Amino acid sequence: MKKGNTIFFANKPKVRSYAAICGSKEREGVAGRYADVALADDMYGESTYEKAECKMLSNAVSLAVEKGGLTDGEVDALLSGDLLTQIISASFAARDFQFPYLGLYSACSTMSEGMLLAAALVDGGYAKNCVAATGSHFASAERQYRYPLELGCTRPPQSQWTVTGAGACVVSSQSGAVRIVNATLGRVRDWGVTDVNNMGAAMAPAAADTVIRHFKDTDAQPEDYDLIITGDLGALGSRIFKDLLWEKGYDPSRHVDCGEMIYKVVEDEFQGGSGAGCSAVMMNSYFFSKMQAGLYKRVLFAATGALLSTVSSGQGESIPCISHAVELEAGYDG
Amino acid sequence: MTAEIVAILLMYIKAFAVGGAICMTAQIIINFTSLTSGKILVYFMLAGVALTALGLYQPLVEFAGAGATVPICGFGYLLANGAIKGAEKGLFYAVSGPLTAASAGVTAAVVFSLIMALLFHSRPKRN
Amino acid sequence: MTGRNAQNCNENYLKYVSALAPPTKHFKNCLSAFAVGGLICSVGQFFRYMLGYAGLSGDELAGAVSVILIFFGCLLTGLGVYDRIGRYAGAGSIVPITGFANSVTSPAIEFRTEGYIYGTAAKMFTVAGAIIVYGVFSGVLVGIVYCLL
Numbered sequence: 001m002k003k004g005n006t007i008f009f010a011n012k013p014k015v016r017s018y019a020a021i022c023g024s025k026e027r028e029g030v031a032g033r034y035a036d037v038a039l040a041d042d043m044y045g046e047s048t049y050e051k052a053e054c055k056m057l058s059n060a061v062s063l064a065v066e067k068g069g070l071t072d073g074e075v076d077a078l079l080s081g082d083l084l085t086q087i088i089s090a091s092f093a094a095r096d097f098q099f100p101y102l103g104l105y106s107a108c109s110t111m112s113e114g115m116l117l118a119a120a121l122v123d124g125g126y127a128k129n130c131v132a133a134t135g136s137h138f139a140s141a142e143r144q145y146r147y148p149l150e151l152g153c154t155r156p157p158q159s160q161w162t163v164t165g166a167g168a169c170v171v172s173s174q175s176g177a178v179r180i181v182n183a184t185l186g187r188v189r190d191w192g193v194t195d196v197n198n199m200g201a202a203m204a205p206a207a208a209d210t211v212i213r214h215f216k217d218t219d220a221q222p223e224d225y226d227l228i229i230t231g232d233l234g235a236l237g238s239r240i241f242k243d244l245l246w247e248k249g250y251d252p253s254r255h256v257d258c259g260e261m262i263y264k265v266v267e268d269e270f271q272g273g274s275g276a277g278c279s280a281v282m283m284n285s286y287f288f289s290k291m292q293a294g295l296y297k298r299v300l301f302a303a304t305g306a307l308l309s310t311v312s313s314g315q316g317e318s319i320p321c322i323s324h325a326v327e328l329e330a331g332y333d334g
Numbered sequence: 001m002t003a004e005i006v007a008i009l010l011m012y013i014k015a016f017a018v019g020g021a022i023c024m025t026a027q028i029i030i031n032f033t034s035l036t037s038g039k040i041l042v043y044f045m046l047a048g049v050a051l052t053a054l055g056l057y058q059p060l061v062e063f064a065g066a067g068a069t070v071p072i073c074g075f076g077y078l079l080a081n082g083a084i085k086g087a088e089k090g091l092f093y094a095v096s097g098p099l100t101a102a103s104a105g106v107t108a109a110v111v112f113s114l115i116m117a118l119l120f121h122s123r124p125k126r127n
Numbered sequence: 001m002t003g004r005n006a007q008n009c010n011e012n013y014l015k016y017v018s019a020l021a022p023p024t025k026h027f028k029n030c031l032s033a034f035a036v037g038g039l040i041c042s043v044g045q046f047f048r049y050m051l052g053y054a055g056l057s058g059d060e061l062a063g064a065v066s067v068i069l070i071f072f073g074c075l076l077t078g079l080g081v082y083d084r085i086g087r088y089a090g091a092g093s094i095v096p097i098t099g100f101a102n103s104v105t106s107p108a109i110e111f112r113t114e115g116y117i118y119g120t121a122a123k124m125f126t127v128a129g130a131i132i133v134y135g136v137f138s139g140v141l142v143g144i145v146y147c148l149l
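Protein chains in written order, with my numbering: chain A, 1 to 334; chain X, 1 to 127; chain F, 1 to 149.
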């Protein structure tokens, strides 16, 4: 069933298992306590950052599959993507598996796009178990989008820190404590922000657009949710997001942001975490385990992505952004 | 003897003050315009070239020594100075002068960078 | 243009965003830039004196001082120290010649993983290339003008 841009899943696919790997900086925060693997070394024993990112993603996927009690043969598809050009981490990680792979690119919102597509496949009966996964690495992202790591430049105060980490979850038609009820497809929004360091401000309108459309389509109010989770708006972006919700008459008090939460201290120099790994790590560690434990019953997860490249920003284009939302439910009967 | 020491100390203070002031100017520009480091380097180098061509940088170099030659404007000063000196000898030397004057610095940067790249790996950062 | 005009390229939103921008610490930034920049120049002055005593003078002295400073800039970059200094000092470590050395060495080290030819060598001047290009160009311009005068 579909209303507006929201798909309602008739069979309510379940999140069968989940796994997350986080880097050494993330280890000190919330993610470190809940992630399956918290790395002490961001290189993960590899020679390049890209290989380390690929290995994190690959291990997160195999951990999730393992925790779900599945074998390679029982998984119908892997839906995965990352931030690097030609999504090399995801594609290269897929070499390690025997199941089919569908590559996605939705920048930092890849986790929710993966979950919604996996849920659609499972709900439609085309698949039994689908894995949604994504990850990012600070050093590889920095190298691609900004400057060499050793370049002695200052980070502007509105900038965010790309999360080193990967997360994966198995969406299944069978067992699972958390289920996916519906999903709202994102529209690309661009309100003209050109500052590549200010991702939060660029992405907030896309997040607000998707979340508000979700409320309208599902006839829900923000109070009906235990949490409204956004991906990586950061402290500044979250504030803008809250303002945008207020403006439209929605109460933003249940809103939390993965980027704001992931680091132990949001230093005043930067606004929190960003990157595909940010929401992937937080959802697949802290949030899913808390939902499983019954702390949160109804959650809206809207990861946000900035769809820019170095070429587009070099040509002076503004930053188009997207946000996909999935509604999750735990502690249901049956 | 004492006069000499005072002169040396004064020179250090002048180098510190002038060099610091140039860097602070760059920082003020960064603060207000959020220019990237590459652009700042180019603009300051061009400023050095222009000031030297107008004859304004030479007095500063004489006044502050390393305070004026160490910042990237000093690189521009070197280039422009090479050109001006070369111009006395003819058009060919005017054209080849800038790079000749800067050759030591550029060569050092290339050679040392290559050596460092052979010796060191990039390492992950945490803050 | 398609996308931007079709949607709300929202002037009010951009104004609101810039109003929210976190404050830059002008005083602290300027002070550390001044201190570190001044310090590097003083070190340069120190080498000027030392090499002056060793008998160098004129262009040779100036060249030798910048070569030494470039060496230290490259070494500190290789050791992973320069970007720490840069984070604290901002322009104080960008503008001195050591910052130029840093901008050459950092991509050289960083892109080593793509090989020594297309990585290290080809990417070496990604940041610093602009300085050489515009430096040489403006220098030649000055030379020609002085020649014609």
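These are calculated hints, taken from the structure and not from any lab test.
In this text the structure is predicted, and so the values were computed from the model without any measurement.
Positions of the beta carbon are idealized from the N, C-alpha and C atoms, including for glycine.
Among the hints, a few may not be true.
Derived contacts from chain F toward chain A, CB cut-off under 8 Å, selection only [said to hold, decoys possible]:
id, residue
1, T24
2, M50
3, L51
4, G52
5, A54
6, L75
7, T77
8, Y82
9, S103
10, S106
11, P107
12, G129
13, V136
- Task: Quick one: which hint numbers does this structure break? Sort them smallest to largest.
- Result: Checked against the structure, the hints that fail are numbers 2, 3, 4, 5, 6, 12 and 13, while the rest are satisfied.
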